[in-house]
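Chains as they are written, first to last, in my numbering: chain A, 442 to 734; chain B, 442 to 734; chain C, 442 to 734; chain D, 442 to 734; chain E, 442 to 734; chain F, 442 to 734.
Simulated from the structure, these hints should not be mistaken for laboratory data.
It is possible that some hints are incorrect.
Copies of the same chain look alike in the list, so a pair counts if it fits in one copy or across any two.
[As the list claims (entries may be wrong)] Below, computed lysine-lysine pairings styled on DSBU-like, alpha-carbon distance capped at 30 Å:
no., residue 1, residue 2
1, K583, K485
2, K615, K485
3, K583, K615
There are 6 protein chains.
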Amino acid sequence: MPTHLLPPSPPPLRTWQTLLDLALAEDIGPGDITTQIVIGPESKGRARIEARQDLVICGLFVAEEVFRQVDAHLQINPVHREGERVAAGEALGFVEGSMRSILAAERTALNFLGRLSGISTLTSQFRDAVSETSCQIVDTRKTLPGWRVLDKFAVLAGGGINHRFALFDGILLKDNHVAAAGGVREAMNRARTRAPAGLRIQIEVESLQEAEDACAAGADFLLLDNCTPEAVARIVEQLGPDILLEASGGISLENVRAFAEAGVHRISIGALTHSAAAVDVALEVEDGPDRRP
Amino acid sequence: MPTHLLPPSPPPLRTWQTLLDLALAEDIGPGDITTQIVIGPESKGRARIEARQDLVICGLFVAEEVFRQVDAHLQINPVHREGERVAAGEALGFVEGSMRSILAAERTALNFLGRLSGISTLTSQFRDAVSETSCQIVDTRKTLPGWRVLDKFAVLAGGGINHRFALFDGILLKDNHVAAAGGVREAMNRARTRAPAGLRIQIEVESLQEAEDACAAGADFLLLDNCTPEAVARIVEQLGPDILLEASGGISLENVRAFAEAGVHRISIGALTHSAAAVDVALEVEDGPDRRP
Amino acid sequence: MPTHLLPPSPPPLRTWQTLLDLALAEDIGPGDITTQIVIGPESKGRARIEARQDLVICGLFVAEEVFRQVDAHLQINPVHREGERVAAGEALGFVEGSMRSILAAERTALNFLGRLSGISTLTSQFRDAVSETSCQIVDTRKTLPGWRVLDKFAVLAGGGINHRFALFDGILLKDNHVAAAGGVREAMNRARTRAPAGLRIQIEVESLQEAEDACAAGADFLLLDNCTPEAVARIVEQLGPDILLEASGGISLENVRAFAEAGVHRISIGALTHSAAAVDVALEVEDGPDRRP
Amino acid sequence: MPTHLLPPSPPPLRTWQTLLDLALAEDIGPGDITTQIVIGPESKGRARIEARQDLVICGLFVAEEVFRQVDAHLQINPVHREGERVAAGEALGFVEGSMRSILAAERTALNFLGRLSGISTLTSQFRDAVSETSCQIVDTRKTLPGWRVLDKFAVLAGGGINHRFALFDGILLKDNHVAAAGGVREAMNRARTRAPAGLRIQIEVESLQEAEDACAAGADFLLLDNCTPEAVARIVEQLGPDILLEASGGISLENVRAFAEAGVHRISIGALTHSAAAVDVALEVEDGPDRRP
Amino acid sequence: MPTHLLPPSPPPLRTWQTLLDLALAEDIGPGDITTQIVIGPESKGRARIEARQDLVICGLFVAEEVFRQVDAHLQINPVHREGERVAAGEALGFVEGSMRSILAAERTALNFLGRLSGISTLTSQFRDAVSETSCQIVDTRKTLPGWRVLDKFAVLAGGGINHRFALFDGILLKDNHVAAAGGVREAMNRARTRAPAGLRIQIEVESLQEAEDACAAGADFLLLDNCTPEAVARIVEQLGPDILLEASGGISLENVRAFAEAGVHRISIGALTHSAAAVDVALEVEDGPDRRP
Amino acid sequence: MPTHLLPPSPPPLRTWQTLLDLALAEDIGPGDITTQIVIGPESKGRARIEARQDLVICGLFVAEEVFRQVDAHLQINPVHREGERVAAGEALGFVEGSMRSILAAERTALNFLGRLSGISTLTSQFRDAVSETSCQIVDTRKTLPGWRVLDKFAVLAGGGINHRFALFDGILLKDNHVAAAGGVREAMNRARTRAPAGLRIQIEVESLQEAEDACAAGADFLLLDNCTPEAVARIVEQLGPDILLEASGGISLENVRAFAEAGVHRISIGALTHSAAAVDVALEVEDGPDRRP
């Protein structure tokens, strides 16, 4: 996590306990048949969770909770903090206790770690691609249903910044809203009169003309959707530094720097959360029951 | 969905209602501020959900439920069935009613559709890659926590086959179980004596030697993990047709056909569910409030 | 509800269903003993819900849902819209069907109506007290635990405006935050660098000096806490029209107009929700079972 | 709490955990943005919860649980017991630990304390008004939906007595029940034959005539609704000491003593729970992060 | 159900929906594999639910809800009312629609019907055994955890009467309470002073001496536990008709009439709910998919 | 529990917490009135849970959790392990702490213990009846709704074996499935092609002819329903040792040995769970509050 920010606290367990309940119910349910029939209830061991590729770690706090909720007697020791870079082969943490419990919890813990670190790793790649610019990498509402709080935390862990959390905590006038209101001027008027005082009004535009119309109607926070870096640069130049600008649409690791250099303040990328591949993490039993003296 | 199978019913709403609750709570919560301040409560419209890329559709039954639960008065008409191939630009369905409701539900509906169709589309690509072999494409437990029933249905919709659903409905002896039991022979003995009669016992092996040991211990269902296609072929040849064989580990669209041609009965692929990118689907308002006479 | 605003949709049932579940469970639970032992299951009737005092109505949408969830066969007809003024003695709505169901649901429905209309009525009294000023009446987070979405809607119904919904959708630097950060300047610096782009930063001040310090540190949105109307007037004059000002603390129906005339943009009042007395509403059986031919 | 009663245990957490879940979800949700951006995760402090007015305290057990569930590492020390009288300025308790956690939990804890102490304080005022009579102050079912167990406990803490908890644990024949049954005699007959043996049958009457009719039909427990103290006195005199009498309707702090002196055994007052104003309680940081060496 | 009582409404769905959720989740979960692989989704049929033994039916309202919640399109037609006697071989109801749905729901519906009718049938046998006495058959709190509302309704359906529902709606002083209070006199004193006015106080005694002590202390409602019919008769004779008496402990179909004739008003029997064997009910497909033209 | 099996871990609390929630809510709810009015909050004591009949114990892990969730300060010490035989009069465990808490939790704890030990005791009687045969006693899906995981564990504790857990983890072709598919051959064909590889296919037959048809169609796992022991013996003889055979229907303690000796591998018995009578267990206060020095 970038050092110039106070590290955020992970989201309260309350906000993802239901997802965790679903996860444990669906994978373990009434019990792990395999361990019950081949491993004795007294069998103890120690396992190492490790990175199988370079990654930015996120989700150890979830993995810990998975093990704890499967078996309150397991000892869990993470060896990295959320947002740290970890090299392939390094340990992420250790878990010790009942072998039945460790093996039953393994897949759920890894599934969480794999996805969340996938997001933080991809976010950090975008961050690296715009390094030394002041442009921020921002997420979207294209998170996986049920995962909003975790997905958004993983973006923070990867060095990104969160956009509005949801429909209830931000205002973004998109083309459909503008059309429904009868044009940019009327939409901005309604929004300015009626918006809660604590929220800025962001409006989506797709061209310099629309951007100028929006500013004329009082907008000071634009979403430039599906513009080329060149078009973005022209808008930046034309509107001057007082208008807050965010680019979105068609952004990739290849072209993100061009957008940043075009001068926008933020670049929002749905793929951070809707298409991040899981990273490869694994659990290795180090000290199993039958290897003990 | 392949025509030689009876089409499965989508999973009961009961099994994914909690995920849907989470999704609606996290994205809409107490309400969509933007639509409340710029769109009147009486405004009606019609929207088209469309594919922006070629895809195998999955999740329309979820999207329908999203719209219905946001507003029971919305009319929803899907125009494709789960598992059908759809070309870029085609409509997937239509939704009609209150503009406030349609726009509030849009993102959640699309987020479900994008992920589930991402899985079914990727699965169908693997299926196509092994076409005209008798080899089946199988999923794993590397689904997203909370999404097991939906992810597994998306695999079926893409023409794949489900592996065990979870730890409670199948037996798979992995290296850690074998080690804990004190070797292949003892693990197989315990499992055969104690397993519920309705379940086969699958055992993971990584070499011909291990495969032969497992068969000698009575195994008739092996998971060949991290073997090359050549190694797989040798094992197939050696063990003969009565042993059910599944390959896993390191499988990609490039090499999957080589595994199929090596003669395994099933190939299981974690990436189907842990790393499928979302497909691009969008909602277009066709007939908005201000365009009506 | 003031006519210059688009009427808000009531909060989605999803967001208050749990409160409704609690309410029905705690009052009806396994059943209403009294009706079961003295009224037959076939007994039908019609009841009128009426105002016993002048009020601004809020909560009919909840009362309807109470009756519907107690008995899906009840017919419910509200005769007023949320936010309308109703005189003592007027009907608010009618409910018809099984007498057992009507009487079992009565108290829960009235308890909701009484509190929500209590809030909307009190809010409208504050609104009336500042009529013909541009000052807005605003709620706070001093709502009843579990009732946030309903309490806040009742404020809207009474002609008020909502402040931030909760801690997650707005930024307000209070004295403790400023102290923890090491002073106004540092607190504002941290907040400006780190706040999500869509949120303004509001800072609490208690004197002209603090207000000027805050503005010097870049603030443009102040909460003037526990100031007299005179102190407020001086701050308004000194800071000029570009700084958004909200007054709070010690506001009553007697002094609220003085604050409004002092020139603040908003006045926030905890008592709207933490101390509104319930209004008097009652249910009268008009056409009971034994009065039918 | 009056010393002649065994102090009741606070209601089991199980019975108000859902309300607490709602409260924490609605106010904190995914997190407190303000503290996350201006206060570091390592910052510690100590806060004092204090009374800002004279009050009878109720709800410390809830406030403790709020802090504990927000952060299990917080240290909480209440310095009063439920039902004690506390003077303005006195401390109610202390909480120590992470500043982020204390400030995030503050409002929810105070909202519970303010309402519950509001009820217990108002109840104690009614108790004081009937002091040295044997008349008991009793609550009603006019509690806030979702708050029944807490509201009723607050009445006990204030020295009142609980009426039936709900529709399922008591029998009260009101006018509508009597009408539906076809008169007082038939209603009493049905009730006596069919009531569970453990429950008395209470019947509502509004005049001496109705009271006498009810007694003639076998009633021994009457609710005298909307009678004047004089009418009540006549009924008491007429019916003698064996009939249990409860007065309700139009009772205020001004006239409650007149009812008590008229000789009823209990006086039930809806306002105890439907219209109690919150008392003023506050949290003060005593030893904040930046004042530590 | 005995005709001299108003038929009770079945308990609200709200109070047993969670049990139903558990039931459907545990038996159907993500889906019925067998029907999905051998029966097509379009296959329709009609099934008859029938009694395989003489019984008093209870639980059709639950069975209906099971079918409805598994598939809202199923048509369900019960042909008996709760509490009716049904002969072996008679139909209880019919269900028509998707074969997949009918077969998936079958077992859960029958499991509910079998148990609830088991209770009502057993209760009716006890009722028959005391016919033409005025003694009532009463249940206890020895219901199956999670089933209280359903078990108690089944007792009503079988012609029994409910005892207190739970610990919160009745007062019963058992030996442990009396000991803890320091004797019968003190226990009765505490209880009379402190009990809610609407509740009678029942006290458990095991001998005539204890019964007389209890009455001397003011008791008018006794539980005679583990007494012989002869001992009961002596107590009845000694105490006279004004003391309400309930017998419990060691009651069977063989001896219940002796207790009734000894003159107690009620006999409570734990076995009604803790040891009722399920009755035999079955579902027969009448008109299956392959028998249609 | 038979020593030749690894003892299974009790099912995870997660899977029966909801049932426990229901149980505590329905019996204790807002509180135990009796203990609150006659026993002081400081009163402590110790109670012994004891067997009142010979039994095989099951459910101590549930009873412990009941006490713990009612009052986290109670000390609970079980003195037997799940599945052990206990003689009438022996202690099962002890609980120590607040008398209010112990008495409030007593009935719920005993209700769980009584039923679960009822199942394990009945199962052990069937086991004893087939002792020294290799035949296994197997449960069915005729468990009590909501109790599947607990009921099935009680069968294990009694020395039985679990059948499939539910519809989602096993395949059993019954007469209705066969009819719907158009005959044994087609049903087996569909099932073999489409079944998940890890599941065997079991098919129900009622005669030798049907058994032979099923084998001819490829079946190797039969359910012999409603056959006499003689018919079973003929089928065993005819089909030889490679076909796995299970008998069901009409099995009692009297005839179960005849079935076992007829040579089936498993005997499944619905009555184990649908009709097990509760065993008699009780809680005795040993060291109550007023007996302490």
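Up to 30 Å CA-CA - K485 versus K615, copy category: between (57 Å within a copy, 17 Å between copies)
Same-copy or cross-copy closeness of K583 to K615 [CA-CA at most 30 Å]: within (15 Å within a copy, 33 Å between copies)
Same-copy or cross-copy closeness of K583 to K485 [CA-CA at most 30 Å]: between (42 Å within a copy, 25 Å between copies)
In summary, the structure agrees with every hint in the numbered list given earlier.
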